[in-house]
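Number of protein chains: 4
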Amino acid sequence: MNKTKVALLGAGFIADIHLESFLRFVPEAEVVAVYTRSREKAEAFARRHQIARWFTDLEQAIAESGCDVVDICLPNFLHHRAVMAAAKAGKHVIIEKPLSLTLEEADEMIAACQAARRKLMYAEELCFAPKYERVRRLANEGAFGSIYMLKQAEKHSGPHTDWFYDINQSGGGVIMDMGCHGLAWFRWMLGGRPRAVSVLAHMQTGLIHKGRTRGEENSVVIVEFEGGAIGIVENSWAKHGGMDDSAEVHGTGGVCYADLFQGNAALTYSEQGYGYAMEKAGSTKGWTFTIFEEAFNQGYPQELKHFIECVRENKEPVVTGEDGRAVLELIYAAYRSAGTGQKVTLPFHAKVSKPIDLWLGG
Amino acid sequence: MNKTKVALLGAGFIADIHLESFLRFVPEAEVVAVYTRSREKAEAFARRHQIARWFTDLEQAIAESGCDVVDICLPNFLHHRAVMAAAKAGKHVIIEKPLSLTLEEADEMIAACQAARRKLMYAEELCFAPKYERVRRLANEGAFGSIYMLKQAEKHSGPHTDWFYDINQSGGGVIMDMGCHGLAWFRWMLGGRPRAVSVLAHMQTGLIHKGRTRGEENSVVIVEFEGGAIGIVENSWAKHGGMDDSAEVHGTGGVCYADLFQGNAALTYSEQGYGYAMEKAGSTKGWTFTIFEEAFNQGYPQELKHFIECVRENKEPVVTGEDGRAVLELIYAAYRSAGTGQKVTLPFHAKVSKPIDLWLGG
Amino acid sequence: MNKTKVALLGAGFIADIHLESFLRFVPEAEVVAVYTRSREKAEAFARRHQIARWFTDLEQAIAESGCDVVDICLPNFLHHRAVMAAAKAGKHVIIEKPLSLTLEEADEMIAACQAARRKLMYAEELCFAPKYERVRRLANEGAFGSIYMLKQAEKHSGPHTDWFYDINQSGGGVIMDMGCHGLAWFRWMLGGRPRAVSVLAHMQTGLIHKGRTRGEENSVVIVEFEGGAIGIVENSWAKHGGMDDSAEVHGTGGVCYADLFQGNAALTYSEQGYGYAMEKAGSTKGWTFTIFEEAFNQGYPQELKHFIECVRENKEPVVTGEDGRAVLELIYAAYRSAGTGQKVTLPFHAKVSKPIDLWLGG
Amino acid sequence: MNKTKVALLGAGFIADIHLESFLRFVPEAEVVAVYTRSREKAEAFARRHQIARWFTDLEQAIAESGCDVVDICLPNFLHHRAVMAAAKAGKHVIIEKPLSLTLEEADEMIAACQAARRKLMYAEELCFAPKYERVRRLANEGAFGSIYMLKQAEKHSGPHTDWFYDINQSGGGVIMDMGCHGLAWFRWMLGGRPRAVSVLAHMQTGLIHKGRTRGEENSVVIVEFEGGAIGIVENSWAKHGGMDDSAEVHGTGGVCYADLFQGNAALTYSEQGYGYAMEKAGSTKGWTFTIFEEAFNQGYPQELKHFIECVRENKEPVVTGEDGRAVLELIYAAYRSAGTGQKVTLPFHAKVSKPIDLWLGG
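Residue numbers (my numbering), protein chains in the order written: chain A, 1 to 362; chain B, 1 to 362; chain C, 1 to 362; chain D, 1 to 362.
Hints are computed from structural coordinates only; laboratory data are not their basis.
A quick note: this is a predicted structure, and the numbers were derived from the prediction, not measured.
A portion of the hints provided could be inaccurate.
Heads up, the list lumps identical chains together, so a pair's fine if it works in one copy or across two of them.
Claimed, not checked - List time: in silico DSSO-like cross-link candidates among lysine-lysine, alpha-carbon distance up to 27 Å:
{"#": "1", "residue 1": "Lys351", "residue 2": "Lys88"}
{"#": "2", "residue 1": "Lys41", "residue 2": "Lys280"}
{"#": "3", "residue 1": "Lys351", "residue 2": "Lys3"}
{"#": "4", "residue 1": "Lys285", "residue 2": "Lys151"}
{"#": "5", "residue 1": "Lys305", "residue 2": "Lys5"}
Modelling step: build the complete structure from the supplied sequences, incorporating the hints.
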């Protein structure tokens, strides 16, 4: 079996998860190179994971690594540059959320990949998380009748890395970080490409990261889709006690509650604590919710396996650049709604250098 | 001990709960009369509960029963008339939610009781539900730091009685029925009389009661309070599987989840089913959440005991007519927001014959 | 209403709970006196709870307090003396678990109360805990078909008071402290007075209280009843993280899980901690299970109200001295089984100065 | 990559799970043949799963399929014959639980594989279930201090296939079916090969399968290990409402609760039901616990991947024939204890034609 060659761009938290996923669950792919700015980090990452080559130049990593696929795990503000370079070099692309900082960037990225006849997958792992996928199939079996409300929440106590607190690098706060997941999941649950008709949002800042970020730390966004179903997405960077990732489906014939972290965990009490409970768990003394197979249960291996299969068998990914763009449009609308206190109707477009300007007034 | 005499107005679901609460937990009170329109129902209720007298005339029940206190468990559209009659007769009043159909009615009711120097308690049992009260005391102990978000949900599959589906009798849908609880609880959690600055709302109808009601069947309302804390209240008449009543507190120093029904229940699997699991549970075959001490855990006895104590010891109730009016104002604003898609700032007033007109356009 | 006068013997943890229960939920009773050995503690307890009289002499407290009822919340080794004195003085008796140290004592206590024509209630609060009572009624409704297995567990990290670690004062370890609850509950669930046919037991010591007690710290006891149903009771003094009190019913037609503490709690995460979560909870920083209405949910007020009603209306208590004796017989058999590794058949009797001698070889 | 060739013996429930596991998670192996007695079933299974060859003769399947590995998913009474044939043919063996009907068979099977220098893995998937493995690593990290009690339960409403109800084919009831899992898990948790010193057991029959089986339908077994730690395993074929597979770890420094099914599930309410909730769930109307990735969460793919790796890299499996024999010895002792009402000390041996004879008196 000839393996599909992957260049991994980025060497942070999410790159680690992608790498573990490839190694354990996607034998038909091989990570042949890693890129990160720092020479020491690049070299260490490559050595630790036995990756053949490492780069500190983005374009070089793409063009010279001999890869078929570029896997982008970079800070948001580098997404556009990396995709454009990959398209130019004729590489398939899978890219972490959010797709880009602006809708203009998104349009260029999609167009470039199309022009190069290369696949562009938007790596929304919630479309592959096995518990959520089971729930989606339940919905498709008719278990809940007609869906009138979806809810999704992702919450923790703030990003791992500094750049996300700088809105110029991230484009915004917790919605840019985690809200994009719920918004993509609503679309996936409602058949993949439902038409959104309006967005209402409320945002808060200055909660536990005052002085560190101007991004929103807590948000609630209500999206109305054609036909009347709504999605409510709640996100927080101000929630202590470990990561929350949970979803609800409300239909005329039933209801479903799915919780990926606390809802899968072993319940532990330890006098002296232990190594790791879950993302952002804080202390492990006392009661904790101990999770397992974190990457698998969030859908990362399944997502990557799917994309490698798309590349190898020339199939269309279930989540594409267009989906990533649609999510970004909802984020634009959410910031605008938070800024004006009004429902924003879709399609929505505004010319800004980053989404959060629509709330903060740029 | 001379007992405080109570006339119970109404003989439906909630009247039963009040009566059980008085009998088991408030020995210092005695229900001396019951009123309901139907002679048969009145007589049967009185006989079943060994109440000395029954009436089919509202004003007579108030004036001639020899009561000290009038306990109003009537359909919404009768609230104003009953309170006005009680005030005129010099009786103390405890009244079920919502306070009234209109803000004008509310103002008259409050003024009449004040003029008569009689107490008017707004019977918000969530201020007395022991699990929620424990959570409130935690908050006051500083367990959560500064509260930035409260959530409360009440959901089931629709009211027990027909009149609630008729918006002319009820004034609206699920918000008039259950949303008022969460709105009152937010105020209670934030110190009793916080200033609300704005309301955002989204509502849905035609879900599982299409043709039966024009009231909203599902709603989400976001209230922003002075200082920036928000309350999100979710309500539904389209949620199968039994009553949901749950709350969350999110603060800069912690978080808390409290669930009054599923969260207190015994988990039961029965092949052949049994009598009663919880409110609106539907079938009791298969898995069910079996609750216990339903009235106590919702705070009804504690609420009634508190009011009787207020009457006997001339204290101020913790929830008054003014609180009921403030909740109604939030409901007005919610309907207006749902109608316009815009954030509504408070104080808000509009002249309508019932709150839902602000959404449906009267 | 003339109140039934109660003398409370004991001023420790459980006496506090009884007192709170009387005050809040049993208006027809009045605690008129408290006894405890220490003058300072007696006086302080009486002052704190506004009890008219306090005593430091046991027999005097019974004979001179003017009480109708003696409520015994004393260390195990004083149970016999207190009941004999109460019977002699013509008082009704309610007594905390376990009934006594030996079967001989139990027989004398029962005989003395019978001779004096006074009621002797064995205060097994699990027969009154509302969640467990709901489960029992479910069983009686036939929800589970024929019951073939009951399970009950009580676990925490060890008693509040020193005397319980001294087996000469307590008679044994965790079974004497908490196992008696589950054993009594099995009998109650199976109709009150089922015939037990055999007992199997395993015990462990030296876990977290090594050097402090010779009593068993962890135990599992299997009781077989006539007809084949079994009860498995698990108890521990070596379980961190707060009190566990939970039960299961397994029948040919269904199953039920009921948890009094974690299963009723609000789930809390606090960065800085707070006052009190639940019995033996340890630190309240991080995740905790916050309980509420602790006494009510364990059935103390209901139990005391029942006994006062029995006294006032001359009814038979649902749990009597005979039930307490039957539980003690099961405890004897459990220690013998742990000592011999053999199933012990009932009825069982052996002459020992305390139950645990049957295991440790006294 | 040359693939390791596997002959799958059996085409029932568990064979399906193994096959799915190989296909999705063990790309280094290939199932090249399937055996089952019935020609139609064999052919259909092979066609459905695109397996190259099918056999209706056991020895032929082993000898002529060209396999490297024999994967035994057969009824218990065929285990010995299949392993002996595999060893004779020089094949590596992985075998489903229980290892065999008798200790004599077990000894022969182990000796035969050793003589043939072939690996014999005892397929205890609980040693690979990711939630349980996380818990084991927690224990090894010292999170619970010194372990003094383990608990494990597997329960459902009875086997899929008829042969298991016939004790001559199965060797016993629910302990032979599911008890073996918990017993193996205790050993794994305590370091792999702890010395067991005694066994106490109680068994019940005639619950919901009266007339259908003489095997025990409900059982509790207490195993004491050297050093004093105990394991309590509970098993049932009389538990409605879907599969239960749960474990507890009790240590001097903490406690842990892990539940593989309800504890991982999405909580669903459906008016009209849906296809599949979990093993033995019964109806899917009303409330159900919907599971996902059933094979993965029970550890089947991980177990098979591990064995293929052992074969390819000549490593020792973590669970071997000796472990399977040790579990069978505990089962012997459990039946003897149930038969005599006495603690049985280990090592234990008795000459019987099937384990349950030690209880029923063969």
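Hint-by-hint comparison with the structure:
| no. | hint | verdict |
| --- | --- | --- |
| 1 | Lys351 with Lys88 | within (26 Å within a copy, 63 Å between copies) |
| 2 | Lys41 with Lys280 | within (23 Å within a copy, 47 Å between copies) |
| 3 | Lys351 with Lys3 | neither (42 Å within a copy, 56 Å between copies) |
| 4 | Lys285 with Lys151 | between (31 Å within a copy, 22 Å between copies) |
| 5 | Lys305 with Lys5 | both (13 Å within a copy, 24 Å between copies) |
Consistency with the previously given hints fails for number 3 only.
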